[in-house]
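S.K.: Now for the letters of each chain:
Number of protein chains: 2
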Amino acid sequence: MSTIDRAHCESRDLDDPLRHCRDRFSLPNGIVYLDGNSLGPLPKTAPEAVSRCVSAEWGDGLISSWNDARWIDLPARAGNLLAPLIGARPDEIVFGDSTSVSLFKLAAALLASSSRGKNIVSETGNFPTDIYILEGLIRLLGGRHDLVRADMGDVEAAIDDETALVVLTHVNYRSGAMHPMARITEKCRSMGIPLIWDLCHSAGAVPLDLQGDGIEYAIGCGYKYLNGGPGAPAFTYIRTSSQPAFDPVLTGWFSHARPFKFEPDYDPHQSIAKAQVGTPPVIALTGMVEGLKTFDDVDQNTIRTKSLALSDLFMALVDQELSEHGFEIVTPRNADNRGSQVSLVHTQGYAIMQYLIAKGFVGDYREPGLLRFGLTPLYLRFADIWDCIACMRDAMETGAWDRPEFGERKTVT
Amino acid sequence: MSTIDRAHCESRDLDDPLRHCRDRFSLPNGIVYLDGNSLGPLPKTAPEAVSRCVSAEWGDGLISSWNDARWIDLPARAGNLLAPLIGARPDEIVFGDSTSVSLFKLAAALLASSSRGKNIVSETGNFPTDIYILEGLIRLLGGRHDLVRADMGDVEAAIDDETALVVLTHVNYRSGAMHPMARITEKCRSMGIPLIWDLCHSAGAVPLDLQGDGIEYAIGCGYKYLNGGPGAPAFTYIRTSSQPAFDPVLTGWFSHARPFKFEPDYDPHQSIAKAQVGTPPVIALTGMVEGLKTFDDVDQNTIRTKSLALSDLFMALVDQELSEHGFEIVTPRNADNRGSQVSLVHTQGYAIMQYLIAKGFVGDYREPGLLRFGLTPLYLRFADIWDCIACMRDAMETGAWDRPEFGERKTVT
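Protein chains in written order, with numbering that gives the first Met the number 0: chain A, 0 to 412; chain B, 0 to 412.
What the hints contain is simulated information worked out from the structure, not anything from laboratory work. Accuracy of the hints is not assured; some may be wrong.
Identical copies carry no separate label here, and so any pair may be met within one copy or between two of them.
[Said to hold, decoys possible] Straight line, CA to CA, 20 angstroms or less: simulated DMTMM-like cross-link-like pairs of lysine to aspartate or glutamate:
1. K186 to D150
2. K260 to E134
3. K43 to D59
Required output: the full structure, derived from the provided sequences and hints.
M.R.: Listed below in structure tokens is the structure:
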């Protein structure tokens, strides 16, 4: 294999069909942002949209904006913008609540309407909030379920006749490794086991075909690859054909068939609105809509092609430039088994990441020893990857990372 | 009793100790806003604060703003701003999630950690989402509880040895009638029955003394009297002395003692942070903080004094100006028994309210026949009340309200 240089990377940028999308974001000067898997950057249209929501819609329109500015439609409007990006149909997605609450509302409803099995199967290395939420739900239900945590490769074997529910995050937040979604879904479907996919690290990052794969239930984060802003609402997906049987238990008034009739008894909406709970977070949803618009006219396969090219380049450059410096690539090399990030392990990972951040290459760090680099095709350039690896190589060769000032900062996933 | 005229109202405005607070809001020209019990108006500082959050903190600071802009502290920071307004101590309140979700998380946790009783007592006319949430929770728990709904005056009698939990909204959203909070709390305390107060229509509107009254658990809305913006996060209060025993069941990662250690097992935070669930809604919380700041340097008793004066004036003017036009005041005349709104019933209530809104007097309407007028001391003037009643009187005398164009608009509580 021939040596890769910066000129090679620059030439790939010239050929990049997503090159124009970078201009959709306000990116700070001097920063190469490799943390879009934690918090997506600001869409250029978001400040004006949020400002209009606050000053004109709230300030001038007041209560009438629920209708006049169509605040009431925001959860479904955001959902319908997301739909083509994850292979869903219209009216299968609503935004609102956090990812944690969204998982709870699906998992609780599915357990309440089924008496099959006693085990809730998840992955040992699942993002902790998913595990915590399931632990809390099990306790609430009196401890009649067990949480079964299997390593990624053992998940399918752990799904059996004793399984009540399966909850899996499609792409692992640490390693970037990806579950075989279609195969696991088919296994659960054939056994009649409800399955919830957490798409936090895949929606907007890897191709999804919720319709084609027969996915019934999914949730996902708005503030990572979907660029919805800090703490943006999460989304909840329920397949059209599964909506009639879905019986909500987190039964807030926005899931009611007629919320503004203020009826004394609960009667769920017959659409995806049954997955809503309380009053929609209007200002946050306004930011969320602008995040989703950054995907306008971009198809999933183009994103995936560039995502894999970026991560192939990243790993090739780790091999080429950093082979003597103690880094291990923990993300699967096989494209079918990974999402849109590359993770490295290094015994001095924390200080190295702090050094990189100080130099403008913003990834993040997770104990123990894990450096995460989110590779987001809408705004990253191939030359950015070169520059990041070059910075790491220089730091390792000169020992520049090994100074006390690179020992304190922490970031949030 | 002498006749009240506009000059009398104007003179009261000149003596109003809260007169300066009106300037804290951006109020549209030509509008008298009597719907702050549904959606508070825009604080003047909110557009700049939200814009800074979006453009500088998110756009420029990116992920580092979790620490550098103290996003991580927003739920508790908002809580500590609210504390003096409801007689709570520092570190007893967090903001986040909707009112519906906040009620669920308290009610579910209290039922999960107690086996006493089978009845959940609430008020027949409670705001529907509270009833719906309790119905859903009962179903999730397998139907071993019954929901007992008592009329407002019968609630205390319904609390007995069979009671597992009491959930009451302090001020009724329709009538504005107010429960005797201290007395009901003491009854529940003496019987060992957990009690959740919903403060949606009282926080920021009527004096509360959660500490003095021995309140253990409360939730409330951010977007009504607290002026936090459309769909603003709700708050959850847990008394300091009740926090150690409170065992969350909606166990998202932000309720964990060490969320950023990404530990495999759940271990709740030992502070009020245990009432958080998922990632905080940063942009919405930024608006919420500005809403709470509109109460800076204003004490509850001054607010209450003006609130009662406004509602006394409103009712006196209904008696004086509208006595021949078929209105009935359904809000209690006794100051001890009402919140900060006045509600009227009229057979033609819907069309009359649409007329008023068209003329710039923005209240709202609830079936059947209910006209609601929220009386918010920070920005309403005594002369505004005069003008509203005068508009109603003119409409009734001329029949101007009775035109087809006043038959379509709807608003949201």
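S.K.: For every hint, state whether the structure bears it out.
M.R.: Each hint tested on the structure:
1. Within a single copy, K186 and D150 get their C-alpha atoms as close as 17 angstroms, which meets the 20 angstroms cut-off; across copies the closest is 51 angstroms, which misses it.
2. For the homomeric pair K260 and E134, the shortest alpha-carbon distance between copies (18 angstroms) is at most 20 angstroms, but the shortest distance inside one copy (36 angstroms) is not.
3. Only between protomers do K43 and D59 lie at most 20 angstroms apart by alpha-carbon distance; the minimum there is 12 angstroms, versus 24 angstroms within a single protomer.
When each numbered hint is compared with the structure, no violation occurs for any of them.
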